[in-house]
Amino acid sequence: MGPGFRRDGKGQFARRSLTVCQYACALSINDTLSAAVSIGFHGLAFAMVLYLISVGLSVTMGLMGFVNLAHGVFAMAGGYVLTSLMSRWAVPFVPALLAAAVAVSLASIPIERVLYRRLYGGEELDQVLLTMGLVFMSVAGATYVWGPLQQPLQPPQWLSGAIDLGVRSFPAYRSFLILCGAALVTALWLGIERTRFGARVRASVDNLRMAQSVGIDTSRLFMTTFALGSGLAGLGGGLGADLLAINPSYALQNLAYFLIVVAVGGLGSIRGPFVAALLLGIADSGFKYLLPEFGAFFIYTLTMAILLWRPHGLFGRA
Amino acid sequence: MSAPALETCGLHKSFGALTVANAVDFRLERGARHALIGPNGAGKTTFVELVTGALQPNAGQIHFDGADITDLPQAARVKRGLVRTFQITALFRRLSVLENVTLAVCERNGIGGGLFRPAGHHRAAIEEAHALLEQLELEDDALRPVNMLAYGRQRLIDIAVSLALSPKVLLLDEPAAGVPSSESGTIIEVIERLPSDIAVLIIEHDMDLVFRLAQRITVLVQGSILVEGPPDAIAADPEVRRVYLGERRLG
Amino acid sequence: MTPGRAVEAFARRHRYHPLEALPWLASIAAYFVFPEYLALGAQILATILFALSADLVLGYAGIVTLGHAAFFGTGAYIAGILAAHGGGEPITGLLAGATAAALLGFLSGLVVLRTTGLALLMQTLVVATLVAEGANKASFITGGDDGLQGMEVWPIFGWFRFDLFGRTSYAYCLAVLFLCWLAARQIVGSPFGRSLTGIRENVRRMHAIGAPVARRRLTIYTISAALAGISGALIAQTTQFVSLSFLSLERSGTVLIMLIIGGVGRLYGAFIGVPLYMIAQNRFSEFDPVYWYFWIGLLMVLVVVFARGGVLGIFDRFRR
Numbered sequence: 018m019g020p021g022f023r024r025d026g027k028g029q030f031a032r033r034s035l036t037v038c039q040y041a042c043a044l045s046i047n048d049t050l051s052a053a054v055s056i057g058f059h060g061l062a063f064a065m066v067l068y069l070i071s072v073g074l075s076v077t078m079g080l081m082g083f084v085n086l087a088h089g090v091f092a093m094a095g096g097y098v099l100t101s102l103m104s105r106w107a108v109p110f111v112p113a114l115l116a117a118a119v120a121v122s123l124a125s126i127p128i129e130r131v132l133y134r135r136l137y138g139g140e141e142l143d144q145v146l147l148t149m150g151l152v153f154m155s156v157a158g159a160t161y162v163w164g165p166l167q168q169p170l171q172p173p174q175w176l177s178g179a180i181d182l183g184v185r186s187f188p189a190y191r192s193f194l195i196l197c198g199a200a201l202v203t204a205l206w207l208g209i210e211r212t213r214f215g216a217r218v219r220a221s222v223d224n225l226r227m228a229q230s231v232g233i234d235t236s237r238l239f240m241t242t243f244a245l246g247s248g249l250a251g252l253g254g255g256l257g258a259d260l261l262a263i264n265p266s267y268a269l270q271n272l273a274y275f276l277i278v279v280a281v282g283g284l285g286s287i288r289g290p291f292v293a294a295l296l297l298g299i300a301d302s303g304f305k306y307l308l309p310e311f312g313a314f315f316i317y318t319l320t321m322a323i324l325l326w327r328p329h330g331l332f333g334r335a
Numbered sequence: 233m234s235a236p237a238l239e240t241c242g243l244h245k246s247f248g249a250l251t252v253a254n255a256v257d258f259r260l261e262r263g264a265r266h267a268l269i270g271p272n273g274a275g276k277t278t279f280v281e282l283v284t285g286a287l288q289p290n291a292g293q294i295h296f297d298g299a300d301i302t303d304l305p306q307a308a309r310v311k312r313g314l315v316r317t318f319q320i321t322a323l324f325r326r327l328s329v330l331e332n333v334t335l336a337v338c339e340r341n342g343i344g345g346g347l348f349r350p351a352g353h354h355r356a357a358i359e360e361a362h363a364l365l366e367q368l369e370l371e372d373d374a375l376r377p378v379n380m381l382a383y384g385r386q387r388l389i390d391i392a393v394s395l396a397l398s399p400k401v402l403l404l405d406e407p408a409a410g411v412p413s414s415e416s417g418t419i420i421e422v423i424e425r426l427p428s429d430i431a432v433l434i435i436e437h438d439m440d441l442v443f444r445l446a447q448r449i450t451v452l453v454q455g456s457i458l459v460e461g462p463p464d465a466i467a468a469d470p471e472v473r474r475v476y477l478g479e480r481r482l483g
Numbered sequence: 041m042t043p044g045r046a047v048e049a050f051a052r053r054h055r056y057h058p059l060e061a062l063p064w065l066a067s068i069a070a071y072f073v074f075p076e077y078l079a080l081g082a083q084i085l086a087t088i089l090f091a092l093s094a095d096l097v098l099g100y101a102g103i104v105t106l107g108h109a110a111f112f113g114t115g116a117y118i119a120g121i122l123a124a125h126g127g128g129e130p131i132t133g134l135l136a137g138a139t140a141a142a143l144l145g146f147l148s149g150l151v152v153l154r155t156t157g158l159a160l161l162m163q164t165l166v167v168a169t170l171v172a173e174g175a176n177k178a179s180f181i182t183g184g185d186d187g188l189q190g191m192e193v194w195p196i197f198g199w200f201r202f203d204l205f206g207r208t209s210y211a212y213c214l215a216v217l218f219l220c221w222l223a224a225r226q227i228v229g230s231p232f233g234r235s236l237t238g239i240r241e242n243v244r245r246m247h248a249i250g251a252p253v254a255r256r257r258l259t260i261y262t263i264s265a266a267l268a269g270i271s272g273a274l275i276a277q278t279t280q281f282v283s284l285s286f287l288s289l290e291r292s293g294t295v296l297i298m299l300i301i302g303g304v305g306r307l308y309g310a311f312i313g314v315p316l317y318m319i320a321q322n323r324f325s326e327f328d329p330v331y332w333y334f335w336i337g338l339l340m341v342l343v344v345v346f347a348r349g350g351v352l353g354i355f356d357r358f359r360r
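Quick mapping for you: the protein sequence lines, in order, are chains A, B and C.
Under the working numbering, residues 18 to 335 are what the first sequence spells out, in order.
Under the working numbering, residues 233 to 483 are what the second sequence spells out, in order.
Under the working numbering, residues 41 to 360 are what the third sequence spells out, in order.
Read the hints as simulated data drawn from the structure, not as lab findings.
Hints are not guaranteed to be accurate.
Said to hold, decoys possible - Where chain B lies over chain C, by a calculated footprint (3+ residues, C-beta under 8 Å):
hint	region
1	49-61
2	224-233
3	236-243
Owing to the predicted nature of the structure, the values given are computational and were not obtained by experimental measurement.
Here a beta-carbon is modelled for each residue, glycine too, at the ideal position from N, C-alpha and C.
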């Protein structure tokens with residue numbers, strides 16, 4: 018079950034099973050456009066969050082060949098740090114967000130060095146079990162420290178309410194999310210294309226052995242990439258606390274979605290997960306708006322179909 | 233003249249702009265001892281993968297023993313007797329030497345998928361596998377797991393597994409690669425002792441080995457056949473020297 | 041070693057060993073020694089079957105799956121729905137559950153087994169989630185969130201009634217487990233089973249020796265699904281209840297944990313890991329489920345890092 022799908026009462030079929038066409042025809046064109054814009058907007062916001070969280074996973078899985086089911090824990094940690102800093106110590110939003118990203122990034126380094134590194138090139142089952150174990154521990158740890166309830170995010174004054182563009186108004190926080198996400202994504206893409214570090218990452222993802230023989234310190238590269246990816250996840254988790262609720266079971270609840278973004282996008286790809294996140298975000302929003310009962314079905318079936326057609330993802334390499 | 237053991241006509245493979253096999257016409261005669269040489273990246277292993285069916289060509293045909301096998305899957309080609317070894321040892325690492333070879337024997341005689349009788353009941357298969365080990369002087373390690381043996385022995389086991397499939401054509405991909413010189417002698421002897429009815433194609437970089445074993449040599453450069461002929465002609469060919477043997481002087 | 045000796049030793053390695061009677065003797069003894077725990081015991085036996093089925097796919101064929109609960113839950117629901125609609129004959133329910141699960145295994149295997157690695161893992165997760173969603177949506181049959189109500193399981197062979205003390209359940213589960221184990225044991229020791237380890241060890245080489253790899257993987261996947269379906273049906277019939285948790289990711293993950301504790305790929309890992317896990321869970325999660333999650337997570341991490349072969353692996357190290 019993906020986030021945002023609440024079952025009504027007894028989980029029965031919705032009475033109204035209108036198709037998109039019937040729905041659209043029953044309303045005016047204006048309303049349809051409005052619906053489309055809403056779906057697009059919210060879908061984009063969700064996509065940004067999913068992408069920021071999952072891009073790190075994609076790169077590290079493509080780079081280290083490591084199945085990291087615990088990646089969601091970093092996103093969750095980012096959310097917890099952000100909400101705690103803001104609610105307990107009244108740290109303003111932006112510094113708290115940055116602090117969350119940095120804290121998660123730094124905390125991820127010992128985990129990579131001490132645990133993950135042992136299993137690089139090892140058996141997939143080991144990696145699945147190790148990271149599952151970490152997820153379980155995170156669930157217990159989060160419950161112990163913060164309790165079982167969701168941590169709500171109180172967006173700052175300047176981001177609450179709506180932005181009125183005349184024709185229509187958009188929620189301010191989600192608009193910020195989209196802009197922030199777009200900026201980060203651009204910075205990321207530029208970074209991977211233009212910097213030496215980015216070049217090293219791309220080379221290593223492409224052919225690890227060659228990269229090593231050319232003198233790239235792959236061990237350091239793994240560590241840095243992992244830290245960056247985790248930091249981004251923490252950032253995404255914090256930013257998206259409003260969309261993906263921060264609670265102890267976060268890593269388990271959202272695991273499927275993160276994995277879908279990465280698997281459909283293609284391991285090791287930077288752009289692939291963005292396309293996948295867009296597809297997922299828009300599909301999720303669209304169905305929530307029009308046919309809430311069937312969103313999960315559609316998304317999972319689509320994932321299966323895409324993976325059958327392209328087992329390595331849309332932008333992955335064989 | 234009888235059909236060659238293996239023949240490719242216009243075999244072509246490209247990945248986008250990169251052509252790894254350029255309309256290759258190749259013949260391997262029955263009982264041949266043929267070597268395929270060329271600089272790194274010439275496409276030798278790719279050629280083996282195309283021929284064995286691990287890779288699909290963009291164009292061209294492959295004929296085995298007179299029959300067109302271009303559309304046959306890899307397993308079917310193996311059943312007909314087209315067998316390869318691997319450049320980087322590909323064995324069942326945690327299984328014993330005897331088990332490795334027995335698996336191949338069982339697949340060959342079609343009992344590999346048997347669900348009902350215990351594996352141990354198929355004595356004939358096990359004994360055949362063991363006899364093969366004896367031929368290659370590997371019987372002392374029969375029950376040891378493969379990953380505990382020296383690399384040179386592993387390369388021999390690789391050959392044993394291939395022989396267990398009763399090949400008509402054997403493609404040896406760098407059989408002595410990575411093997412210390414103290415152990416490579418055994419490998420060379422084993423190859424020399426291969427039955428004369430098997431057609432053998434060896435891909436190798438070790439020139440001593442090539443000139444010792446091959447009756448005919450094909451030189452592959454960037455996916456195309458540069459020249460083909462008996463060892464003396466190849467050794468004397470200035471083009472070959474320039475393209476390939478010249479590299480050795482630098483290396 | 042003389043050739044005759046090596047061949048003999050090799051041929052004999054799958055012969056039944058006297059030690060293999062131990063789990064069955066222990067199970068029979070437990071029937072008399074722990075009469076208050078027979079209900080739990082029945083659950084343990086049924087779960088051993090589930091873990092066994094997962095071991096065939098995971099430990100022998102090397103297919104890492106996060107969706108094995110889909111087959112377990114399917115078997116459970118089919119047996120349960122039959123029992124709730126007047127078809128309470130237990131053996132029939134068992135066979136129906138097995139068939140449904142096998143069908144699901146075959147069809148999903150056709151799709152899922154085309155891939156390897158992460159894509160395969162994803163596909164298994166997707167299949168399981170789709171089945172769970174389907175069961176949730178079809179709540180008019182499955183009971184949805186509330187679970188399947190109104191199951192009535194008839195006495196076995198018309199004679200052995202399912203009693204409150206779990207005596208019938210225990211014996212029933214033991215008998216079914218024994219038969220299924222016999223089948224699994226036979227498969228593992230057959231040439232087919234040996235070829236599975238080949239597929240696990242080096243799939244490229246299996247292709248290169250002419251083995252029909254895809255067919256073999258699909259076959260074991262289907263067989264494993266059937267066994268998982270039987271175990272689900274057993275749990276359904278002995279607890280007279282089925283819920284959506286039977287299809288959950290947690291259920292799929294838990295069976296992996298139980299296997300790794302005992303040791304993967306050795307058939308008996310299930311017999312060790314499942315009781316250890318379930319008895320510990322029975323004891324500790326009563327106190328505080330949060331702590332249970334923490335310690336089991338920690339155990340998984342420690343096992344992977346230090347004791348990769350599980351309990352059986354530790355035994356091996358002592359033997360050497």
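(request) Give me the numbers of the hints this structure contradicts, sorted from smallest to largest. (result) Going through the list in order, the structure violates no hint and respects every one.
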